[in-house]
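All chains, full assembly: derive it from the sequences and hints.
There are 4 protein chains.
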Amino acid sequence: MLVVMNVHATQEQLERVCEEIRQAGLSPHPIPGSQRTAVGITGDKGAIDPERLQQLPGVVKVIRVTDPYKLVGREFKPDETVIELNGMNIGGERLVVMAGPCAVESREQLMEAAHAVKEAGATVLRGGAFKPRTSPYNFQGLGESGLKILAQAREETGLMIVTETIDPENVTLVEAYADILQVGARNMQNFSLLKRVGKSKRPVLLKRGISATLDEFLMAAEYVMSEGNYNVILCERGVRTFNNYTRFTMDLSTIPEVKRVSHLPIIVDPSHATGKRDMVIPMARAAIAAGADGIMVEVHPNPDEALSDGYQSLTPESFAQLMVEMRALSAALGRQL
Amino acid sequence: MLVVMNVHATQEQLERVCEEIRQAGLSPHPIPGSQRTAVGITGDKGAIDPERLQQLPGVVKVIRVTDPYKLVGREFKPDETVIELNGMNIGGERLVVMAGPCAVESREQLMEAAHAVKEAGATVLRGGAFKPRTSPYNFQGLGESGLKILAQAREETGLMIVTETIDPENVTLVEAYADILQVGARNMQNFSLLKRVGKSKRPVLLKRGISATLDEFLMAAEYVMSEGNYNVILCERGVRTFNNYTRFTMDLSTIPEVKRVSHLPIIVDPSHATGKRDMVIPMARAAIAAGADGIMVEVHPNPDEALSDGYQSLTPESFAQLMVEMRALSAALGRQL
Amino acid sequence: MLVVMNVHATQEQLERVCEEIRQAGLSPHPIPGSQRTAVGITGDKGAIDPERLQQLPGVVKVIRVTDPYKLVGREFKPDETVIELNGMNIGGERLVVMAGPCAVESREQLMEAAHAVKEAGATVLRGGAFKPRTSPYNFQGLGESGLKILAQAREETGLMIVTETIDPENVTLVEAYADILQVGARNMQNFSLLKRVGKSKRPVLLKRGISATLDEFLMAAEYVMSEGNYNVILCERGVRTFNNYTRFTMDLSTIPEVKRVSHLPIIVDPSHATGKRDMVIPMARAAIAAGADGIMVEVHPNPDEALSDGYQSLTPESFAQLMVEMRALSAALGRQL
Amino acid sequence: MLVVMNVHATQEQLERVCEEIRQAGLSPHPIPGSQRTAVGITGDKGAIDPERLQQLPGVVKVIRVTDPYKLVGREFKPDETVIELNGMNIGGERLVVMAGPCAVESREQLMEAAHAVKEAGATVLRGGAFKPRTSPYNFQGLGESGLKILAQAREETGLMIVTETIDPENVTLVEAYADILQVGARNMQNFSLLKRVGKSKRPVLLKRGISATLDEFLMAAEYVMSEGNYNVILCERGVRTFNNYTRFTMDLSTIPEVKRVSHLPIIVDPSHATGKRDMVIPMARAAIAAGADGIMVEVHPNPDEALSDGYQSLTPESFAQLMVEMRALSAALGRQL
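Chains as they are written, first to last, in our numbering: chain A, 1 to 337; chain B, 1001 to 1337; chain C, 2001 to 2337; chain D, 3001 to 3337.
Hints may contain errors.
Listed next, the in silico SDA-like pairs over lysine to any residue satisfying Cα-Cα at most 20 Å (straight line) [claimed, not checked]:
id: 1; chain 1: B; residue 1: K1070; chain 2: D; residue 2: V3060
id: 2; chain 1: D; residue 1: K3061; chain 2: C; residue 2: D2304
id: 3; chain 1: A; residue 1: K259; chain 2: D; residue 2: Y3245
id: 4; chain 1: D; residue 1: K3199; chain 2: C; residue 2: N2170
id: 5; chain 1: D; residue 1: K3070; chain 2: B; residue 2: T1134
id: 6; chain 1: A; residue 1: K77; chain 2: C; residue 2: R2036
id: 7; chain 1: C; residue 1: K2195; chain 2: C; residue 2: E2216
id: 8; chain 1: C; residue 1: K2061; chain 2: D; residue 2: Y3245
id: 9; chain 1: D; residue 1: K3077; chain 2: B; residue 2: H1008
id: 10; chain 1: C; residue 1: K2077; chain 2: A; residue 2: A9
id: 11; chain 1: A; residue 1: K199; chain 2: A; residue 2: V171
id: 12; chain 1: B; residue 1: K1070; chain 2: B; residue 2: P1057
id: 13; chain 1: D; residue 1: K3195; chain 2: C; residue 2: N2138
id: 14; chain 1: C; residue 1: K2259; chain 2: A; residue 2: H8
id: 15; chain 1: A; residue 1: K118; chain 2: A; residue 2: N89
id: 16; chain 1: C; residue 1: K2199; chain 2: D; residue 2: Q3140
id: 17; chain 1: D; residue 1: K3199; chain 2: C; residue 2: P2132
id: 18; chain 1: C; residue 1: K2061; chain 2: C; residue 2: P2028
id: 19; chain 1: D; residue 1: K3061; chain 2: C; residue 2: N2244
id: 20; chain 1: D; residue 1: K3199; chain 2: C; residue 2: E2169
id: 21; chain 1: C; residue 1: K2259; chain 2: A; residue 2: G58
id: 22; chain 1: A; residue 1: K195; chain 2: B; residue 2: T1134
id: 23; chain 1: C; residue 1: K2195; chain 2: D; residue 2: P3050
id: 24; chain 1: D; residue 1: K3061; chain 2: D; residue 2: P3050
id: 25; chain 1: B; residue 1: K1061; chain 2: A; residue 2: Y245
id: 26; chain 1: D; residue 1: K3061; chain 2: B; residue 2: H1008
id: 27; chain 1: D; residue 1: K3259; chain 2: A; residue 2: D278
id: 28; chain 1: D; residue 1: K3070; chain 2: D; residue 2: V3261
id: 29; chain 1: D; residue 1: K3195; chain 2: D; residue 2: P3068
id: 30; chain 1: A; residue 1: K70; chain 2: B; residue 2: T1134
id: 31; chain 1: A; residue 1: K199; chain 2: B; residue 2: F1076
id: 32; chain 1: B; residue 1: K1061; chain 2: A; residue 2: D304
id: 33; chain 1: C; residue 1: K2148; chain 2: C; residue 2: V2171
id: 34; chain 1: A; residue 1: K70; chain 2: C; residue 2: R2036
id: 35; chain 1: C; residue 1: K2070; chain 2: D; residue 2: N3089
Simulated DEER-style distance windows between Cβ atoms [said to hold, decoys possible]:
id: 36; chain 1: C; residue 1: G2143; chain 2: D; residue 2: G3228; range: 18 to 24 Å
id: 37; chain 1: A; residue 1: Y137; chain 2: D; residue 2: G3025; range: 38 to 44 Å
id: 38; chain 1: D; residue 1: E3144; chain 2: C; residue 2: Q2152; range: 39 to 45 Å
id: 39; chain 1: C; residue 1: H2008; chain 2: A; residue 2: Y137; range: 35 to 41 Å
id: 40; chain 1: B; residue 1: E1080; chain 2: A; residue 2: E12; range: 50 to 56 Å
Because the hints were derived from the structure by calculation, they are not lab data. Bear in mind that the values here come from a model prediction, so they are computed numbers and not experimental data. The beta-carbon is built from N, C-alpha and C at its ideal position, and this holds for glycine as well.
This is the structure in structure tokens:
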């Protein structure tokens, strides 16, 4: 931490800042400049609140030097996290493809989707049984019967299941059926939910909040990890900007940045990010080219009939086409699909 | 709803769009133009998903004409909602001032703050017992013992209590102590929580999410109201933008807009919006001048010692100064404090 | 400036950083911490590019401590700038009101508007003769004949004239007629234009770019001042965010922040910020309550006939109403109108 | 255009709206609904200002149905624009790579960069002779002597030259030396400059403004084209958002969207978008995978010595590596480099 003093700060004000730092069990290091003085802070025993320093007389600003996260950071764990699940790896060389309908609507719909994505090469089946919707009047999901249909699809196809869980109480139900627990973008800072999935044995797919900074995103993962669950998969799904031709703005530079500061795997969801079927394939390609560890896309056997987000769902045919392109791309990029 | 066809759309494509509309129990009204055709949709019995239309061949875009909300809208209830609580009104002519520390830290701290804000003229005491924090390593609140201290402060001062509730299970505990249930910005789309407070008898203070559109904000209130709780107080507390000299960007134009489209009262929280003590007074003045029904500000007996958000808390002295300015302003604006 | 080293940085890497700093004529101050070392930089003779340091091996980040601006800063000039113009002050105790149509359309239209705003109490007449428009097919202004009409209005009413200038060549023409040169939001970083108005004897009204940070806004003013023209009036007119119910989002917290870091006067334009007639009055009130030194609003004798931005123009009657409210407010705030 | 009436609108108000539409030479089509009436507008002879309608009594909102641009649109010209320049194509199957230093600093520096990028496979050399800088105290470019150095580099290497022009007067100078005129992001709505380059015979590289909507971006191109210059290359270079780990947020979904609505070629500048050397290669790959027609990257023979934006420049070695990866990628994507 560095405390920057006002050009007119008095010696008494400087001394008070140093005293506060000492009382917190840390060491102050005044650096007198030609115009103003700054005070560096060192020590690992104590802790001090930057905002407390900020309001002391004579202080212009306080600059935090270290990152707020620990367990998610690459300084904590230099090697990339690879999550093993039923003999499949998420993270590392191999790309993961999660596909399926936005919501489970019926046994027929899900089975058809499951067989189609399995055949084209996906390894994880997505599908919501509990759907957080902006309007209370929209379809909210089939609930537990949706989870049962997902479990049947796993049995029939061997695909693993990822599905969303929406509150702490709900986790117990969802983890009884799912292989991967999804925390949605709107719940990225639902800390009660994060703590609860942090106690689960299931890996957690954590979607980035629509206006989360990277620090906030990583701190949400830190909540899960700090409860003991180290198997977190990050998912970029677009952030809110002034752009109005996509539902959200996909922020692909988050991928190399996450790779630099964290060891966690990161995948991308181009369906929700763009909200437009025609953009899913080019943006899925772009995500992989930027270094993502996989994608999550919506596929519906009959998108025109979908009860939720049909407009952004691929048909089974275009999903098969996407997989062909992904294979060519992953080869060119030295990765495996 | 209006469906805009491509300039090259065929008669068959147009007919298919009309057929879909009819099948949904609604009436299509084709409007042939010089270049392209649009189709208006009318009827109140059926319902149709705009995204379903959007993907039909020949359709360029679908434009939603009506607002998504019902109960929160002024077309549903033309008169302003005034919430009566212990003989006090929220909404209407009189401005409400909610003040107190960010977090309850101790009996002494809260009592000192409570007496100070009471004396200066506040009628509601704020103070968090459960604190949603970005980092799992930061102070998370005193929990139930914090709620008990709040209840004691009510007994001693006659102030009403507003405090945050963080998940559905937690509501039962909080509503046993608080007069007003606060749903924080991070939980604005925690729909499980919204439904639960919608079943409570306590009024709900709903904070705007940091990147919520006005529609999303109002739809969150709609969730609460659709469960039967019509006493919702909206609270603008800043949105996330590129600005970096305030923590968030206070969006005061939301006030006249909410007044135009909704009947619900709206207050403003300049402490969290700006994150800077020096800005609280000018921005509180601005909020009232823009037409807000009240303010919520942080006051701490000793801000330098605060465990949470101390840097943005007013001292009791500056809060008293704020109240003096608010009185002058409200008189000039024809309102009462 | 502070250089933060990697936790694994070697002694050689640290030494190289110090050497670079010394070669730039400055002094390095290593601050060894428990985990990592930081290097403070002091000295006033030399200068070093932070980006050059940032790429040295072992460096994590470089933190700039001082502000980039000089002439606009309060550390350079502690007293508020008050611009005198024909015996009127801009800045200081008195509020300035600039009003008039978006564009000069005809002699009749402008004269009618000029008399109306004069009578209600405005002291500066606005009106565009050169209009930057998003579309090349929209009305682009009357050009020099518009300037002549403005000069006639000054003669008839005694109002001062503010009008926009759009490129360096155009300045010579505009400064022959106008009292204040306006630089529009789209040209805030048109540096050729800024340098040219910096050589003018006329005060400059500088509008904030729609996505300008405060530093960029102040650096644009610095461009003008660095050419010798110290009479700069800043104007907040909304920034671009995800909000869609106003054209831009008025960022009123910029007012107390500008007052803190700069000595320049700042006014607000609620007409362009909101784009909605109904919001102009509440947001003008809010701006003044936040501490602005004045407002600029659009008034058109017949807004329904306006060739440009009619929807956001006040009628003469509502402008008169605004002035009544402004007088009450300014009295309550201890300012003069 | 569609006019939506209030649920309480009277028959007189409806009639007035229809009358306004008729007076503008267009035809009104009232669509009575169960709750409210909407009025469709058709006709191609007249024109009506949506804002004029918006303020009529009883009108809730006016919805624009058609796009504002003409010449840039795919409905105007269905085939992709391919710009031929010295036997090279920009747009179409082949990808273009523009590379070189941010600013021309000296003959030696530029020649070294030119030979390096030529050898690795670039076909266009970039380098600024006139540099728009946020601070008036920063290096502003070598001016005409910089242009002369660029011309020498063309002679020596056969590379084409793209360089920025900063105001209308300056265009005459720059077009005497450059093959492609660059309009920078800060000048995207400098309409005087757009009109001037619209009269030039040189192709124009138009960078997206940092907060330009897609419509504004395309309307800027429309300005150039409406003056007769149809050779416009669009360039996405990041937009301003709340993200703070990249200088701007690269908005790659703009690529498929531009391809859908316009016939103009679009390239991407990952150097300015990210501001970080380590991100240039992954984001260049992502841009190509998303369908961009080329890239523009900064390469400096000695980035540590660069006078401008050194931190984001690639070394010649990493640029050569980028070209290797681009070749593999373009083969996988069915394009040529």
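In rising order, the numbers of the hints this structure does not comply with
Hint check: 5, 12, 23, 26, 31, 35, 39 fail, others pass.
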